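Taken in order, these protein sequences are the chains called A and B. First residue of the first sequence: -16, per the numbering used here; consecutive thereafter. First residue of the second sequence: -16, per the numbering used here; consecutive thereafter.
Since the hints were derived computationally from the structure, they do not count as laboratory data. A hint or two may mislead.
Because identical chains share one entry, a pair is satisfied inside a single copy or across any pair of copies.
Unchecked claim - In silico PhoX-like cross-links for lysine-lysine, where the CA-CA straight-line distance does not exceed 25 Å:
#  : residue 1 : residue 2
1  : K151      : K100
2  : K70       : K305
3  : K212      : K305
4  : K305      : K100
5  : K212      : K229
6  : K11       : K229
7  : K263      : K70
8  : K11       : K100
9  : K221      : K100
10 : K11       : K263
11 : K151      : K212
12 : K151      : K229
13 : K107      : K212
14 : K26       : K79
15 : K100      : K263
16 : K305      : K221
17 : K11       : K70
18 : K151      : K70
Here the structure is a predicted model, which means the values were calculated and not measured.
Protein chains: 2
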Amino acid sequence: MPMKKFINDPQNLTAELLEGLEICFSNKIRIVSDKIVCRANPKSDDKVAVITLGGAGHEPALSGFVGEGMLDASVVGDIFAAPGAPKVLEALRMFKREAGIILVTLNHAGDRMSAGKALRDAAKEGIKVVEIVTSEDISAGIDADPEDRRGLAGCVPLYKVLGAAAEKGMGIDEIVELGERFNRQMATLAVAMTGCTHPQNGDPVAVLPDDEMEIGMGQHGEAGGGRSKILTADETAKRMIEQLIKATDVNSGDNVMLLINGVGATTLMEQLIVYRAASKILAERGIVLTDGWCGEMLTVQEMAGFQMILCKLDADHIELLKAPAAAPYWSA
Amino acid sequence: MPMKKFINDPQNLTAELLEGLEICFSNKIRIVSDKIVCRANPKSDDKVAVITLGGAGHEPALSGFVGEGMLDASVVGDIFAAPGAPKVLEALRMFKREAGIILVTLNHAGDRMSAGKALRDAAKEGIKVVEIVTSEDISAGIDADPEDRRGLAGCVPLYKVLGAAAEKGMGIDEIVELGERFNRQMATLAVAMTGCTHPQNGDPVAVLPDDEMEIGMGQHGEAGGGRSKILTADETAKRMIEQLIKATDVNSGDNVMLLINGVGATTLMEQLIVYRAASKILAERGIVLTDGWCGEMLTVQEMAGFQMILCKLDADHIELLKAPAAAPYWSA
Chain A
-16 MPMKKFINDP
-6 QNLTAELLEG
4 LEICFSNKIR
14 IVSDKIVCRA
24 NPKSDDKVAV
34 ITLGGAGHEP
44 ALSGFVGEGM
54 LDASVVGDIF
64 AAPGAPKVLE
74 ALRMFKREAG
84 IILVTLNHAG
94 DRMSAGKALR
104 DAAKEGIKVV
114 EIVTSEDISA
124 GIDADPEDRR
134 GLAGCVPLYK
144 VLGAAAEKGM
154 GIDEIVELGE
164 RFNRQMATLA
174 VAMTGCTHPQ
184 NGDPVAVLPD
194 DEMEIGMGQH
204 GEAGGGRSKI
214 LTADETAKRM
224 IEQLIKATDV
234 NSGDNVMLLI
244 NGVGATTLME
254 QLIVYRAASK
264 ILAERGIVLT
274 DGWCGEMLTV
284 QEMAGFQMIL
294 CKLDADHIEL
304 LKAPAAAPYW
314 SA
Chain B
-16 MPMKKFINDP
-6 QNLTAELLEG
4 LEICFSNKIR
14 IVSDKIVCRA
24 NPKSDDKVAV
34 ITLGGAGHEP
44 ALSGFVGEGM
54 LDASVVGDIF
64 AAPGAPKVLE
74 ALRMFKREAG
84 IILVTLNHAG
94 DRMSAGKALR
104 DAAKEGIKVV
114 EIVTSEDISA
124 GIDADPEDRR
134 GLAGCVPLYK
144 VLGAAAEKGM
154 GIDEIVELGE
164 RFNRQMATLA
174 VAMTGCTHPQ
184 NGDPVAVLPD
194 DEMEIGMGQH
204 GEAGGGRSKI
214 LTADETAKRM
224 IEQLIKATDV
234 NSGDNVMLLI
244 NGVGATTLME
254 QLIVYRAASK
264 ILAERGIVLT
274 DGWCGEMLTV
284 QEMAGFQMIL
294 CKLDADHIEL
304 LKAPAAAPYW
314 SA
């Protein structure tokens, strides 16, 4: 039985989707080398470059955020798979510059391994690069070792902060401090209602009984330990935002950004209903919703569910989040 | 068994989702009266107002396109249901002005009935308003009577053209001519792989066998007559774009806009693969892809499928499509 997906040869998914992205956004991005997506109009060499890496099948992430005021490049792996270290090194070589490079790695074993190898090789070649690892998923527990937490869609607002700071011409040390501070001050929780289909082999990714949902599920269907009967939108939002408030330690008077990232089949209708419920709890506690968005940023095929991301914002973050950006799937 | 959706009381879906939209985009839109969504910063009274109406459950459409350079207001019905004529009349009264109002109605029986009644009542009150009806779905046949064709997601680029022209201060006659010309020069085809769940009663909307898809399905699951076994992305794109090219009568050297509107569970990965295939056929025929986008504009809950929209563009359309816009789900 063929999959209920609009695809051709499953082996060509990544190449074909990137080709579509390049055609659709030819004024914004360009595939400079196989599976390396760069800005169509590169920024000048005297500015810090911001690069990321990760598997495909999560569109618009990650390549949809390459563009003015965001990423300079994304290094793309195959479906749900990290790119190899040589590809990452190739991108680092491409952006070698006095000002330096920031490499954003989401904490997943494959990505960390490729990034680590590429960074060691780059150092030998005298390429100046600093890695920022995101690991903002709190499903393993608020106090879990960062090495044991996954990087979820919180990378997207981080790209925005780093990209805006780099565009302004800030030095690498200052940008890394800003970014690491943003990184430490954000937390994400995911929830799933259904699994999805791996688009290359047709296998189910995560299976949930008809009357259950799971808070904490990772973006490849990894178990999160929060199985329950299906809750209402308000109950789901409450359980999630309360944990996120605790994890980020936000209090009355603090500024925050709240994002809902739809992971696939969950409608924007539902995301907005959840957003409403979560933002009301923030308001009740005197926490100031300064920025936010609802929609698909980092998807997991046709999985039903979403990620809720809460970021405590300092004044410099607020300004950088509002700065101009013109990536295919993020404009400001 | 509860539905696999993040909702509360199904009777409150529309009110709650609109509340979420208002909180998330408080700098862009405001609910001025129950189920009437307006711009947070209204444009001046000497400019033509652009208003639309339609059911909820299709987010981001229609209210996600209210904002600077697009719609002045959307009048929202309940899930998959037209708003009543009194609500439409209320919105027309709100925007009564010398410059006039353009009301965009998608060709669906309920919407046409409410709009028709409101327009008759508005005329008695001396409100200056011109209706533009969209009916760009070609699934009933290229030569079908426009009254027998449905209005699909082609309303979205039309809002952009009308909103940009109004923002520039053009007169109502000129804007209507521009809009009607755009309207005549566009065509849409939808395709579905799976049905979806009505979020109020849990009933299935359209059921498709496991190995079939349907080209021509409407945005509430209406039959389209194009059932087939599952085709590859390239075959699907070819069948659709060829009919759209014929319907819009575009030829070598003509400028076009190509849009893929994901209707729910179909991933952006798939949409980009389809975009690639369709745009290659345009290129082979010497048709110039001047503008375009891939993503969710008008959804049908968690249905798997997409709509492909092809618009033949004149020079004035190209300019208006590129003009600034700042709606929640469309920026330029």
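Going down the list of hints, with the structure as the test:
no. : hint        : verdict
1   : K151 x K100 : neither (30 Å within a copy, 54 Å between copies)
2   : K70 x K305  : neither (32 Å within a copy, 36 Å between copies)
3   : K212 x K305 : neither (39 Å within a copy, 47 Å between copies)
4   : K305 x K100 : neither (35 Å within a copy, 43 Å between copies)
5   : K212 x K229 : within (24 Å within a copy, 51 Å between copies)
6   : K11 x K229  : neither (39 Å within a copy, 30 Å between copies)
7   : K263 x K70  : neither (45 Å within a copy, 28 Å between copies)
8   : K11 x K100  : neither (30 Å within a copy, 45 Å between copies)
9   : K221 x K100 : neither (41 Å within a copy, 43 Å between copies)
10  : K11 x K263  : between (37 Å within a copy, 19 Å between copies)
11  : K151 x K212 : neither (48 Å within a copy, 53 Å between copies)
12  : K151 x K229 : neither (33 Å within a copy, 48 Å between copies)
13  : K107 x K212 : neither (53 Å within a copy, 55 Å between copies)
14  : K26 x K79   : within (13 Å within a copy, 47 Å between copies)
15  : K100 x K263 : neither (45 Å within a copy, 38 Å between copies)
16  : K305 x K221 : neither (28 Å within a copy, 41 Å between copies)
17  : K11 x K70   : within (22 Å within a copy, 41 Å between copies)
18  : K151 x K70  : neither (28 Å within a copy, 48 Å between copies)
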